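Let's have the full structure, built from the sequences with the hints guiding it.
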Amino acid sequence: MKLIVMKLLKILMWFFIGLLGFIVFLWLAEILIDIFFDHAATMDACLDSGRGWDEQKKQCQI
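Residue numbers (my numbering): 14 to 75.
Derived by calculation from the structure, the hints in this document are not laboratory data. As the structure is a prediction and not an experimental result, all values here were calculated from the model. Be aware that one or more of the hints could be misleading.
Claimed, not checked - Pairwise CB distance ranges (calculated):
(1) F35 x T55: 28 to 34 Å
(2) D51 x F28: 32 to 38 Å
(3) W66 x L21: 53 to 59 Å
(4) K71 x L22: 50 to 56 Å
Idealized CB from N, CA, C, for every residue including glycine.
Structure below.
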């Protein structure tokens, strides 16, 4: 009985470690995607509206 409980606890421990690792991975992926794709979407929207994108100021110019 004790062996079964210990084995179950070990399985649960590795499950939660894996789950925590997956959550951290998704969190980091979301941060990187937000940084890179938000900038690209902002620049694309500026160019679609017929204005120019200033690379030095990183803003849309009229």
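Looking back at the hints listed earlier, which ones does the structure fail to meet?
Hint check: nothing fails, all pass.
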